[in-house]
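Q: Whenever a hint applies, use it, and build me the whole structure from the sequences.
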Amino acid sequence: MAITLNINGEDRSLDIDPQMPLLWAIREAAGLTGTKFGCGIAQCGNCTVIIDGNAVRSCNQPAATAAGKSIRTIESISENNDHPVQQAWQELTVPQCGYCQSGQIMSAVALLEKSPNPSDREIDQAMAGNICRCGTYPRIRAAIHRAAEISSS
Amino acid sequence: MNKLQISRRNFLRVSASAAGGLMVSIHFPSMAGAQEMGGGAEINAWLTIDPDNIVSIVTPQTEMGQGAFTAVPLMVAEELNIPWENVRHVFADANRHVNNDNLYTTTSTGGSTTVSRRHPYIMQAGASARERLRVAAANRWSVPLESVVAEQGMLTSGDMQGTYGDFAADAAEVTLETEPAIKAYGDWWLLGKEDIKRLDIPLKTNGTATYPIDVVVEGMVYAACQACPVPEGRLVSYDFDAVKDMPGVIAAVELVQTKDVPSFTDLRSGVAIVAESWYQAKNALAVMPITWDLGRGASMSNESMAAEAMQLISQPGTVLLDEEGNIGRGLDQGVNHDAVYGIIEASTNVVQGDVYHRPFETHATMMPPCAVADVKEDRCDIWTFTQDIARSLNEAADQLGRDTTNVFLHQTYLGGGFGGGYNMDVHRQAAAISAEIGRPVKVIRSREEDIAQDSQRPPVWGTFTAALGEDGLPEALVTHFVGEEKMPAFAQRGVANMPYLIPNRRHENSSIQNHIPIGFHRAPGANSTGFIVEQMVDEMAQAGGWDPLEWRLKLTEGNEPWQRVLLAMKEKSGWTTDMGDGEGMGCAVVESHGTIAGCVATVAVSRRGQLFIDKLQYFINSGYVISPLTAVEQAESSAIWEMSHAMFGGLVIRDGRVVNTNFDSYTMMRMADTPPVIEVSLEMSEDQWWGGLGEPTGPPTPPAVANAIFYATGTRVRSTPIAQATL
Amino acid sequence: MRRLVRVIAVLLFVGVVAGGAALYWATSNPELEPIELASLTFADEEIERGELLALVGDCSACHTAPGGEENAGGLALPTPFGTIYSTNITPDPDTGIGRWSYEAFARAMRQGLDREGNHLYPAFPYDNFVKTREEDLRAIYAYLMTRPAVAAEDQQNELPFPFSFRPVLAGWKLLFLDDSPFVPDPALDDEQNHGAYLAASLGHCGACHSPRNAFGAVIGGRDYEGGEAEGWAAPPLGPHSISPVGWTLDDYADYLFDGWSEFHGIAGGPMTAVADHLYYADEDDVFAMAAWLDAITPAQDDAEREAAIAAAEELDWPAVEGTMFDEEITDPALIEGRDVFAARCARCHKERIGPSQPYSLGLGYAALAPTPRNLINAVREGIVPPFGVAERKMEAVAMSDEQLAALVAYVRWHFTDEPAWQSIEDAISDHGAEAGR
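Residue numbers (the working numbering), protein chains in the order written: chain A, 11 to 163; chain B, 69 to 795; chain C, 248 to 684.
No lab work stands behind these hints: they were computed from the structure.
Computed from a predicted model, the values in this text were never measured in an experiment.
Here a beta-carbon is modelled for each residue, glycine too, at the ideal position from N, C-alpha and C.
Certain hints may be false.
Claimed, not checked - In silico SDA-like cross-links for lysine to any residue, where the CA-CA straight-line distance does not exceed 25 Å:
{"id": "1", "chain 1": "C", "residue 1": "Lys640", "chain 2": "A", "residue 2": "Asn64"}
{"id": "2", "chain 1": "A", "residue 1": "Lys124", "chain 2": "C", "residue 2": "Ala396"}
{"id": "3", "chain 1": "A", "residue 1": "Lys124", "chain 2": "C", "residue 2": "Asn440"}
{"id": "4", "chain 1": "C", "residue 1": "Lys640", "chain 2": "B", "residue 2": "Gln792"}
Said to hold, decoys possible - Examples of chain C residues lying across from chain B (beta carbon under 7 Å, computed):
{"id": "5", "residue": "Ala370"}
{"id": "6", "residue": "Ala500"}
{"id": "7", "residue": "Glu530"}
{"id": "8", "residue": "Glu568"}
{"id": "9", "residue": "Thr570"}
{"id": "10", "residue": "Cys592"}
{"id": "11", "residue": "Ala593"}
{"id": "12", "residue": "Ile600"}
{"id": "13", "residue": "Gly601"}
{"id": "14", "residue": "Ser603"}
{"id": "15", "residue": "Glu638"}
A: Written out as C-alpha cells, the structure reads:
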C-alpha cells in the first residue's frame, strides 16, 4: 500500500505497510540512511528527525502518523555541510564514532529553531533524549552554544 | 535516607565550559571519505601518490571514533613529509592483507595499540617511501642521493625540482639497500601538533559516513536473529508455520552451531527470520514459537553468582603472580607469600576490608551489531561490525567453508567498538543466511538481542586485609579477587602488579562458574580492579592516618612515571581532603595500556543524597602523544564511558538470561548527568615511552569519585551502580 | 458539565456585579506613585534569596509565554470564564513593572491591585500570596527589579462580560480573599511550619490542588482535596491522597525536586514547571514543604506499603516482548483496548527490572483519578520530563479517538479496582477541542 510522506520538502510515495515504523520508511523505503537505528523504543535518539518543527524519535512511530506533516532528516539541513550546527560540530570536533550524531544534530537544530540562544539547562533538557556512548556530551553542549553564536553573527 | 543520585544541576555550581579551550581553527582536507585506492602509483602497500601529489594512505585498523583513521596517516605523513592537506585516508583491503601473509602485520584494533605498538612499522612505511622517492629523483636527475631533499611533497636538488607525484611511478620500482630508521621525538614536524583534527569529522556531521547498517546491495533482504536467551543454550525447534504468513516474511533459517561449546566467535545456535523489511523480520521472530534447551545456565542469577563469590572469597584462593613471576613490580624480590598471614596475625593494627563488587556490563555500541553478506558461487562480500577485518574475513571464510581468496570484507566506519567488535558472530550469521537463501542479506541485531548476546564485561569481587606498621603504612597486605572462569585474568590485572611498595604482599584469586559470554570492554580488567584497589588504598591510608595522595607518593618513591602523575595531582588540582561538610575530593591512579592515569574528583553530596560531580581532573602520563586533541577527546570519552557504568549500569541476570536488554532498563549517562568540568593534563616523563590513550582514564574515575564521596559523607560506596547506593 | 458551571457562574456573577460595583466606587483604589528604577539598590543576599523564593513561587511558569523571554508575560491561562494572559513582570518601565515601588508590588501580591489601582484577576493567586511575609516579599521584589528588562506589551484578556468588568473583582475579594496572616501550627516543628507557610503562601499549592467554586474561588474548608489546572486533574494531597502507596518524606522530597516518585509517578501538565523550579530552589525550603506534607499525611506501615507495591506490580505486563498479560477478557471494547496497549504501550509499560523504568500504572493518579483527563493528555501530548528526571520522556502516541477510548478503558480496568470512567469520549473530544484552540 502506498502512502505519501513529505520528506525534506519532497512528497515521496512509498509502497509500505502504514504500520511500518517511520524510521524504516525513511531508511529502507526512502533510502535516506543518515538517520540511524539504535534501540527501537525511543530511548536513545539515534533516529531523531524533525516533524513539523519538533524533534521526534522515528523508530516507534508508525509511518502513517507522519503523513501530511513535514519530515526533515539530517540530509536536509544544509547543502554543503555548513549549517551553523554542523560548523560548530566540526569546529569543536564533536563526533567520535559518529553514529549518534545525526540524531544529536537534529535535536540541536530543533532546539535552536525554537530557542536561538539556549541556556545550559535548556540544552540538557532538549538533548535528554539522545544518548552518546562515546561520551561527547561536553563537546555537544559547547557546540550548541557555539552554533547559537554562529547563527547570530 | 535517600538514594544517591547523580545531579543534573551541576552547571549552577560551576559555570565553566569543558570544551571551550579547544577551539582552534585550522584548515583541513575536504574529504570525500575513505575511498577505494585511486589511480595513483603505489609506492608500497601503505600509500599511493597521484600525479597531482595527493597521497592516499591506508589504515588497516578500524575507525570507531578513536582516531585510527587520522593517526595512521599522520604517522606516515610525518615520515613521508607531505603537507597534511594533501593526505587522503583509505580503508585497507582485508582480502589483500589476509592473502599476502598479513601484509599490514595486523588489522586488530584494540588495547589502545594503533599508535603505541604499531608506530615503528607504520612510520617505517612512510620513511621507506620517502627514501625511494629520493632515489628515484637522484636517478632521473643523475645527482648524488645526498643532494636530494624530500620536503613538504617536493623533491629538490640544486635547481632541479619536482613533486612526489612526478616521481611516484619511478619510486615504486626502487629497491632500497637499507631501510631508513624512523625519526626520533624532537625531529617531528607534524606529530604532536595541537590542532590536528580527525579526518572523519565532516562525514559525521551530515549523515554521509557509512556504517555496516547503511550498506545497500541490490536485491538485499533483511534478517533478524535470535540465539538462546540463556547463553550456551541451544535451539531445539521452532514453528515457522505460525509466522510464515505474516507480512513480508520470506524464510526462517536455522543457525547451526557446530561445536558443543562454541568459542566466543563461533556461530551460536539459533534461528533467523528473513523478510522484505527488517521490522517485519523482527516482528515475526518476536512471536514465533521457539523451544530451547537452556543449558547449564538456566538457574543462574546475579544473586546465585554473588553467593558463590562470597563463598569463594571467604576461603583461600590461588596465589597470583605477575607476568615476571614476582608479586609486584619494584618490590624486594623473594618475599615469602606465606609469611603474610603470620605478620597479619601478629599485628595489633589490622585493617579488614569489606567486599567490593562491580557487576556485569555490556558494550551497547550505539550501532547494534550488524552485517551485510552477499554470498555468490564465486565470491562472497561482507560488511560487518568488527574490530579486526582480517579475523572476521577468516571467520566468514571458515563459516562458508571457502578459501579466503574469494572472500572480500569491506571496511566501513563503526558505530562504536569499545572491544565489542572482537567476540562477535554477526558476520557468521549474515554469511550463513545469505548462503542458505541465495540472496544478499542484512542482519541487524535488535537492541534486546544485542544486549542479551553480547560478550559482556565480567563481574569482579574483591577484598583485602592489611597490617599497618607504626608509621601507619602497610607492612603486609593480602587481597582476594574473585572473577569468572572464562576470562579470569580480568579479575587479576592491576592487582599483583600494583606499584605500591608494600614489603609483604599476597594476592589470591578465585573464579565463579559462568555461562555468560565474556569480552573485552574498554580497559578490560583494570576498569573493575581499579575501582577496588584504589579504594582499598584509601582505606589503608585513612586507617594509618595518611593523606591518601601523600600515601601514594610515599609508596611509589623512586617510580618516576607515577611520581610525575601524583605530583601533578597534588600541585595542580587544588588537592585537599578537608572541603567541609558534604563536599569532598578523591583521587585514584590506575596504570593500563602502558599509561598512568590519575583522576581527582571533586564532589558534593546534598541533604537529599544527591551527588554533584563538580569536576573531574585527569593527569595522564602516556609518554609520547602524536595528537594532543585526540588524546584529550579520548580521555574525556573513556572517563564518561566508565562513569556511566559506575553511576547507572549493571546487568541484571535472572534465570540465566540478561533481563535489562534495552535502554529503558540498562541505563547510561546522558548529557545532563555529565560533570560540567572535565580537565585533561598530559604529563610527559623525561624518559619517554609509548603508552595507549583510548582507555586509561576510565579505570581511575569511579574510585576517585567513590573516594570523594567518602570524604564528603563518611560513607564508602563499595559497589556500583552508585546511583543505587543509599547514603 | 463545564457549560453548566459557566451558566451558574454567570447568574451568580450578575448578582454580585451590582454590589461589587457599588463597593468599587466606595473603595476606589488610588494609583501609587511611579518610581525610577535607577533609584533602587539591593543587597546581593536579598536578591539571591529572592531568586530562590521566586522559584518556590513559580512566578516564571505563568509569566513566561512558550518560547518567550522569562517573566515577560503572554502565557494564555484558560479558565472556566475565558482566557487570561499573564503580564510582563520584568522591570521594563513602559510595559513591565519598572515603575512599581515596593509598596505597589506588595499591594499587588496582597490585595490583587496593580500600580494604577486596577483589580487583578485571581488567576494571579494573591489569595495565597497575601500570606507571604514582609521580608520574603521584599526579597522577591529585589530579585524581580534586578532582572533584565524586556519590552513586551501585555495582551488583552479574552473574557466575556461580566467577567471582563474588573470592578466585580472587588465583590469577589470581599467574599473570598482571606487576608489573615499565616499562623504556625503549634503541633508542627519549625521546619514543618516553614513548609506549611511556603505551601500556603508563595507555593500556592492549593491554587491547583483544591477544588474551586463557581466563582473560581478555592472552597473554604476543602483545602487540598484535589482540583484542576490547565486541563489536568491536580491530585488530592496529604490526608486526601488516594495513592495506594502512602507518601513518605522521601517520596515528597523526590517528587518536589524531580517531579517523580518511584511509587507514585511523574509530574505532568503545569506540575512539570513547578518541579523544574523547585529543583533549583533552596534545598531547605523544599525539604520544609516535604516535611509539612509528610506531617499531614497519615503514616502507612512498611508491610502495607510493600503490599501495595506488590499488588500493583502483579498487574505489570510481562517484560518479554510479544507476551500478553495472562487474563480473561470478554468485553470486546476492553479486548480492543488490550490490543492497543499491547501494540503501543507494553514495550515501555511492563515489569520493572530496574528503577529507570516507568512506574507501575496502577500506582499513579493518571489511572486512579476520577477523570481520565491526565491519561488522555499523556497519550495525546506525551510527557515532557521534569528536569530532575530528564530521561523519563514519554513521546506522544498517535492513535485514533476510538483506539484511545478503548485503551483508556482498558488501563482503568486492568490496573485499578476503581469503577469504569464514564464519558471517556467526552473527555477525548474536550481534549481535542482544547488542543485545537
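Q: Next, verify each hint and record whether it holds.
A: Hints versus structure:
no.: 1; hint: Lys640(C) / Asn64(A); verdict: 14 Å, holds
no.: 2; hint: Lys124(A) / Ala396(C); verdict: 21 Å, holds
no.: 3; hint: Lys124(A) / Asn440(C); verdict: 42 Å, violated
no.: 4; hint: Lys640(C) / Gln792(B); verdict: 21 Å, holds
no.: 5; hint: Ala370; verdict: 30 Å, violated
no.: 6; hint: Ala500; verdict: 5 Å, holds
no.: 7; hint: Glu530; verdict: 5 Å, holds
no.: 8; hint: Glu568; verdict: 5 Å, holds
no.: 9; hint: Thr570; verdict: 9 Å, violated
no.: 10; hint: Cys592; verdict: 13 Å, violated
no.: 11; hint: Ala593; verdict: 12 Å, violated
no.: 12; hint: Ile600; verdict: 4 Å, holds
no.: 13; hint: Gly601; verdict: 4 Å, holds
no.: 14; hint: Ser603; verdict: 4 Å, holds
no.: 15; hint: Glu638; verdict: 6 Å, holds
Hint compliance for this structure: hints 3, 5, 9, 10, 11 are broken, all remaining hints hold.
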